[in-house]
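Undergrad: Listed here are the chains, written in short residue letters.
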Amino acid sequence: MKTTVKTVEHLGRGPLGRDELAALVARDIPPGAFVNLGIGQPTTVADHLPAGSGVVLHTENGMLGMGPAAHGDEIDPDLTNAGKMPVTELPGASYFHHADSFAMMRGGHLDVCVLGAFQVSERGDLANWHTGAPDAIPAVGGAMDLATGAKQVFVMMTLFTKDGTPKLVPECTYPLTGLACVSRLYTDLAVFHIDRGGVTVVETYGTGVAELASRLEVAVRTLGQEP
Amino acid sequence: MTAVFTDPGEAVAGVTDGSTVLIGGFGMAGMPVRLIDALIRQGATDLTVVSNNAGNGDTGLAALLAAGRVRKMICSFPRQSDSWVFDGLYRAGKIELEVVPQGTLAERMRAAGAGIGAFYCPTGVGTPLAEGKETRTIDGRDHVLEYPIKGDVALISAHVGDRMGNLVYRKTARNFGPVMATAATLTIAQVHHVVETGELDPEAVVTPCIYVDRILDLSATEATS
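One line per chain: the protein sequences are A and C, in this order.
Each residue of the first sequence is one higher than the last, beginning at 1 in our numbering.
Each residue of the second sequence is one higher than the last, beginning at 228 in our numbering.
Please note that a few of the clues may not be correct.
FRET-style restraints, in silico, Cβ to Cβ [stated by the list, open to error]:
| # | chain 1 | residue 1 | chain 2 | residue 2 | range |
| --- | --- | --- | --- | --- | --- |
| 1 | C | Ala-447 | A | Phe-160 | 53 to 61 Å |
| 2 | C | Gly-367 | A | Thr-4 | 26 to 34 Å |
| 3 | A | Thr-131 | C | Leu-372 | 23 to 31 Å |
| 4 | A | Glu-171 | C | Asp-234 | 53 to 61 Å |
| 5 | C | Val-422 | A | Glu-74 | 25 to 33 Å |
| 6 | A | Ser-214 | C | Pro-355 | 32 to 40 Å |
| 7 | A | Asp-28 | C | Pro-355 | 29 to 37 Å |
| 8 | A | Ser-53 | C | Ala-345 | 23 to 31 Å |
Everything labelled a hint here was simulated from the structure, so no lab data went into it.
Please read all numbers here as calculations on a predicted model, not as lab measurements.
Note that CB positions come from ideal geometry on N, CA and C, so glycine has one too.
Turn these sequences into a full structure, and let the hints guide you.
TA: See below:
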């Protein structure tokens with residue numbers, strides 16, 4: 001018998017905190033997956049991966065099997081993550097040069113990458129590297145390579161800017177990082193799946209689908225609803 | 228034939244004005260600081276520098292930038308919390324910048340070292356960094372044409388070298404070293420120490436000696452200076 005999964009509205013609570021959001025992303029990473037966690041908030045997802053998940057972390061500066069942040073005597077200037085912070089290695093780790101590191105990314109071998117964003121469009125376009133401000137120095141790093149190469153791109157961000165402008169938009173107005181690459185969007189107020197059919201609300205936190213729909217300029221479906 | 232040097236100045240002798248210099252490192256990990264310091268003293272200017280970042284703090288690549296020797300930076304991520312030297316030059320209009328996605332930067336150098344004329348790459352399609360580039364749809368996916376980046380000189384840092392020029396690296400300090408070593412006419416590696424030929428496990432050599440022209444032995448350098 002086919003069970004119909006419905007969108008869940010968590011109404012008797014506030015929006016997700018940053019830790020709760022990281023835990024939610026961690027919950028959705030398949031056991032044994034090869035995963036790249038972007039700089040900043042996505043890095044905190046590692047703290048919520050269950051012990052024994054078998055998830056192998058990739059850092060694009062050239063390592064699989066990255067362990068937690070290094071402290072005190074563990075700090076080794078030759079062992080850093082993509083944010084240039086000292087980290088540790090886990091049993092089974094491996095090192096490789098940059099062209100190999102990005103070949104495994106571009107070649108579709110990474111299961112999931114988790115990135116932050118300025119904007120995500122309803123088609124899954126991602127804008128996360130440049131505000132486009134005339135005085136901003138452009139710096140892309142590995143963002144485009146990750147967005148293009150990973151099998152699945154998860155994005156973590158707040159759903160609205162501080163002044164209430166939606167960051168899930170019909171068309172990105174910031175310079176793009178990648179086209180139609182985001183498959184899941186994790187925000188403080190809701191989790192969305194994005195595919196060719198559009199945007200689906202999976203769960204909401206501290207708000208409901210109707211209220212979200214009224215604040216967004218993109219059409220959203222609920223789980224189980226026909227396109 | 229690889230030459231082993233103990234004097235940093237001799238190791239970088241002959242770098243000419245206007246050269247394209249590939250500089251290894253990801254932040255400070257794998258940054259060939261002693262070779263860069265020697266290049267500053269050597270005086271070559273009007274350089275195009277290819278490196279992942281555009282200098283951190285006031286040492287290494289940042290010091291080369293501060294000395295006014297760099298005409299153009301080709302890098303993936305110039306803007307960092309400690310990249311004040313580059314930031315100042317850029318805002319003053321004193322340096323050109325070409326931003327390249329990190330993996331494309333590595334692959335363009337790999338292509339140079341591997342004799343590839345150009346390659347179609349999906350990264351950056353539809354973004355400002357693909358503007359003006361030739362595109363082609365292959366297997367239903369759009370790609371942009373990317374050209375090799377060849378260096379006149381590569382300055383890299385490795386952990387141990389042998390007298391023939393074989394190199395091994397340490398942890399994530401490997402980063403761009405092996406790729407840059409293949410992509411330059413003159414590859415100069417600083418290593419923490421040099422061992423006799425035959426002492427490195429051939430199975431563990433990452434950069435074979437064919438790519439390495441000069442080695443600076445830091446253990447000997449530090450003993451004499």
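Undergrad: All the hints need checking, so say for each whether the structure fits it.
TA: Hints versus structure:
1. C:Ala-447 <-> A:Phe-160: 53 to 61 Å: Check passed, 60 Å falls within 53 to 61 Å.
2. C:Gly-367 <-> A:Thr-4: 26 to 34 Å: With a Cβ separation near 33 Å, Gly-367 of chain C and Thr-4 of chain A satisfy 26 to 34 Å, so the hint holds.
3. A:Thr-131 <-> C:Leu-372: 23 to 31 Å: 28 Å, holds
4. A:Glu-171 <-> C:Asp-234: 53 to 61 Å: Because 59 Å falls inside the window, the suggested range holds.
5. C:Val-422 <-> A:Glu-74: 25 to 33 Å: 27 Å, holds
6. A:Ser-214 <-> C:Pro-355: 32 to 40 Å: Since the Cβ atoms of Ser-214 of chain A and Pro-355 of chain C sit about 33 Å apart, the hinted range of 32 to 40 Å holds.
7. A:Asp-28 <-> C:Pro-355: 29 to 37 Å: Between Asp-28 of chain A and Pro-355 of chain C, where Cβ atoms are some 31 Å apart, the hint holds.
8. A:Ser-53 <-> C:Ala-345: 23 to 31 Å: 41 Å, violated
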